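K.L.:
Could you fit the two chains together into a complex? Lean on the hints.
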Amino acid sequence: MNSREPSDDLEAELLALGDLLDVPSGPPPSDVAAAVRARLEDAHGEAPDPLRSHPPARRRRRARWKVVTAVVLVVIAITAATPQGRAAVVRILRFAGIELRVGDAQPKPVISVTPLPYEHTVDQDGLKAEAKFPVRTPKALGEPERTTVSDRGRVVSMFWPGGVRLDQFDGGLDPVLFKKLGPPWPDYAKVGPYQAWWIQGAHPLGYLTRQDGTEIPLRQAGPTLIWQQDALNYRLEGVKTKEEAVRVAASLG
Amino acid sequence: MNDDEAIERSLAGDQAAYEVLVARYSALAHRTAFMLGAGDEAEDVVQEAFVKAYRHLPGFRRSSPFRPWLLRIVANETHNLTRSRGRRSELALRLSATTSAAAPDDPEGTAVAGDRRSRLLEAVRRLPERERQAVVCRYFLQLTEAETAQVLDWPVGTVKSSTHRGLARLREEVGNELA
Numbered sequence: 001m002n003s004r005e006p007s008d009d010l011e012a013e014l015l016a017l018g019d020l021l022d023v024p025s026g027p028p029p030s031d032v033a034a035a036v037r038a039r040l041e042d043a044h045g046e047a048p049d050p051l052r053s054h055p056p057a058r059r060r061r062r063a064r065w066k067v068v069t070a071v072v073l074v075v076i077a078i079t080a081a082t083p084q085g086r087a088a089v090v091r092i093l094r095f096a097g098i099e100l101r102v103g104d105a106q107p108k109p110v111i112s113v114t115p116l117p118y119e120h121t122v123d124q125d126g127l128k129a130e131a132k133f134p135v136r137t138p139k140a141l142g143e144p145e146r147t148t149v150s151d152r153g154r155v156v157s158m159f160w161p162g163g164v165r166l167d168q169f170d171g172g173l174d175p176v177l178f179k180k181l182g183p184p185w186p187d188y189a190k191v192g193p194y195q196a197w198w199i200q201g202a203h204p205l206g207y208l209t210r211q212d213g214t215e216i217p218l219r220q221a222g223p224t225l226i227w228q229q230d231a232l233n234y235r236l237e238g239v240k241t242k243e244e245a246v247r248v249a250a251s252l253g
Numbered sequence: 001m002n003d004d005e006a007i008e009r010s011l012a013g014d015q016a017a018y019e020v021l022v023a024r025y026s027a028l029a030h031r032t033a034f035m036l037g038a039g040d041e042a043e044d045v046v047q048e049a050f051v052k053a054y055r056h057l058p059g060f061r062r063s064s065p066f067r068p069w070l071l072r073i074v075a076n077e078t079h080n081l082t083r084s085r086g087r088r089s090e091l092a093l094r095l096s097a098t099t100s101a102a103a104p105d106d107p108e109g110t111a112v113a114g115d116r117r118s119r120l121l122e123a124v125r126r127l128p129e130r131e132r133q134a135v136v137c138r139y140f141l142q143l144t145e146a147e148t149a150q151v152l153d154w155p156v157g158t159v160k161s162s163t164h165r166g167l168a169r170l171r172e173e174v175g176n177e178l179a
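Order-wise, the sequence lines are chains A and B.
Taking UniProt numbering, I'd label the letters of the first sequence as residues 1 to 253.
Taking UniProt numbering, I'd label the letters of the second sequence as residues 1 to 179.
Hints are computed from structural coordinates only; laboratory data are not their basis.
Treat the numbers as computed from the prediction; the structure is a model and nothing was measured.
There's no promise every hint is true.
Stated by the list, open to error - Cross-link-like lysine-lysine pairs, in silico, DSS-like; alpha carbons within 30 angstroms at most:
1) A:190 / B:52
2) A:242 / A:190
3) A:132 / A:190
4) A:128 / A:190
5) A:240 / A:108
6) A:139 / A:190
7) A:240 / A:190
8) B:52 / A:242
9) B:52 / A:128
10) A:139 / A:128
11) A:132 / B:52
12) A:242 / A:108
Stated by the list, open to error - A few chain B positions that, by computed beta-carbon distances, are all more than 12 angstroms from chain A:
13) 2
14) 5
15) 62
16) 63
17) 64
18) 67
19) 126
20) 146
21) 156
22) 161
Claimed, not checked - To give a feel for the contact side, a few chain B residues facing chain A, derived at Cβ under 10 angstroms:
23) 27
24) 31
25) 50
26) 84
27) 120
28) 139
Even glycine gets a Cβ: it sits at the ideal position worked out from N, Cα and C.
The following block holds chain B by itself, in its conformation from the complex (with noise of 0.2 angstroms):
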């Protein structure tokens, strides 16, 4: 069953064909509401989500991507919860400990590449609200720039000039050199 004939049972009230959509859609629902900013707080988000998402779907314009109209629901509902907080919504990332695609002839190498990697995530863990979300979207998450438009809201212009200043805010922190 593809997203189209999932949402068009969905919408005569075929709960089951739903289930496919939220199952297909999970992980990268929380990926994106935990890169957000929801943190441990993701799973609340994504099934908050699904939830709105199926009350919503007959606005859902058909001849339109699911993917990128559920994600901004996710994203929105994470932003209702940091601001709900009160406060920036933090960027809980860490690099996993098997990170190091060790070279076991090359351990300095290795180790450079890896401290390397730890300032990279730690100045987009800097970077301005907006400039980090456009630079999460587009390439933690891998969206293209419609997508992380619609996704986050914005129009694609500043979608661009988020991640260009971003960009270029993260090559001043970290220089050019590769490891």
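Okay, chain A solo, but in the shape it has when bound (with noise of 0.2 angstroms):
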């Protein structure tokens, strides 16, 4: 036994220990497939990113493989979450690059006011140097005060007078930013074609980071609405009715 290096040993019982582990078998392949088509289909190749409820709304999971769209979904899960469908149950609607986390209370306000990572101010030059995607401007604002691009490049920010902003960034596969959320709860709203969700009250913004899903509490956000748009995530804040902030949604250039 001691002829060999010892870690050649364990690798090569780790490896065999893999094959002897016991993996439930998943679904036939062409069941899989068949889903999968089925939920693009229904998406158009329009639809934002699916929205997932999680457990225990995700239990019935052969009666989820027939078509069910991301809008149901999503209402399905806001529906067992009010305070009528179960108490205190707190659910994770993923949208538009945002987790929105629904509570049956109101969560606790932030009182302090951090920037983004790595937050600064930029000029049109700037600006095209370092978004990582193309950087739209809604034409019913007009030229904001004040433009802002953060971690590296992923989220610009513009700024217009009385607290009004719109954040773009490019979500990859992940979220980028939370909002914890009590009632009333988000209505659904649509700008064009494209699905949002209209939050109306204050409420607790913060921002996740990529690598290890380490959570940064930002501020107290205003009304806000989100929405995405060619694969690119959309937050407006600070528009007083959802009216308003669609119209202004709709206008970007």
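P.N.:
Here's what the structure looks like:
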């Protein structure tokens, strides 16, 4: 036994062990393919990231293999989270690069204000050089007073007088921001062909870093419209009504 | 149809071509999700991962292999799931009931080997999360260091060091002796 490098033995044992593990076989590949296809066709290729509910709403798996649209899923998740449904349950909804944590009571407000990671003000040239995606401006608001780039080009924020701001970011595979919400529940909206959610009350907003999931509480955010368009995520904050926010959002040039 | 052809046709809007990819990788994706901690929700994770992969296909670098790129999305979805549960992901692995490659003339040796396997698996289960993930990817899923780095979104150096530390800890726990 001592003639071989011990680690080689251990590595060989681990490889062998891997083959002996009891991993339940998933559904037949053709079923998976059909279910995925159904979801993709259902979304018409334009829907935002599918919204996901989490346990225990994820229980009835077999039923879910049937066609269910992203919107329906969210509505179910939100309904299930209402006090009438089940008390004190928190649902996590992921949409447009934002994780919405919906609870049945108002979350504690964030008192401090923390800037986004590496946030700094840029001029037009700086914006072009640093943003990792094509940046748009809503025509309805005109030129922003100030523009910042954060987290090495991942987030662009524009500011207008009166506490109005537009954040745009490429969420990639993970949510970038999280919001903690209590009642009232987010309100479904549409920006042109795109699904959107309107969050009317002030709520805690935070930032999730990508690698280890560490959270940074940012600040208490005002009413916000979030939507996803052409694989980019947008959040418009500080516009007072849903109708006005949708109008501004639709003017994105 | 190889992966690249299937991807090209999927990008052109041919969903049947994408179904070929889904069917090809669904078992591996399921095994990966399960072993990285999704447990009995691996099916959901896999379905979600394939839907996301399709949406992100335009950003896929065609010169690179599809397999680790897909598994990265699976790992990510698994991570999101375990994070949403708010606790450390469990490694719900069991030895399958038929493992004892029984040597009929050596029942004692068979029992000893089985016992060592159980202890080794238990030790893997108790590893710190990063070391465990590295060990699971490298040995149970048999991914290369480079693939593991891509799947877990770690630098290759971190994969090396985590694997190394994990192996050292396992050696400490179960010893070097081969049964």
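K.L.:
So which hints don't hold here, by number, going up?
P.N.:
Of the numbered hints given earlier, the structure breaks none, since each of them holds.
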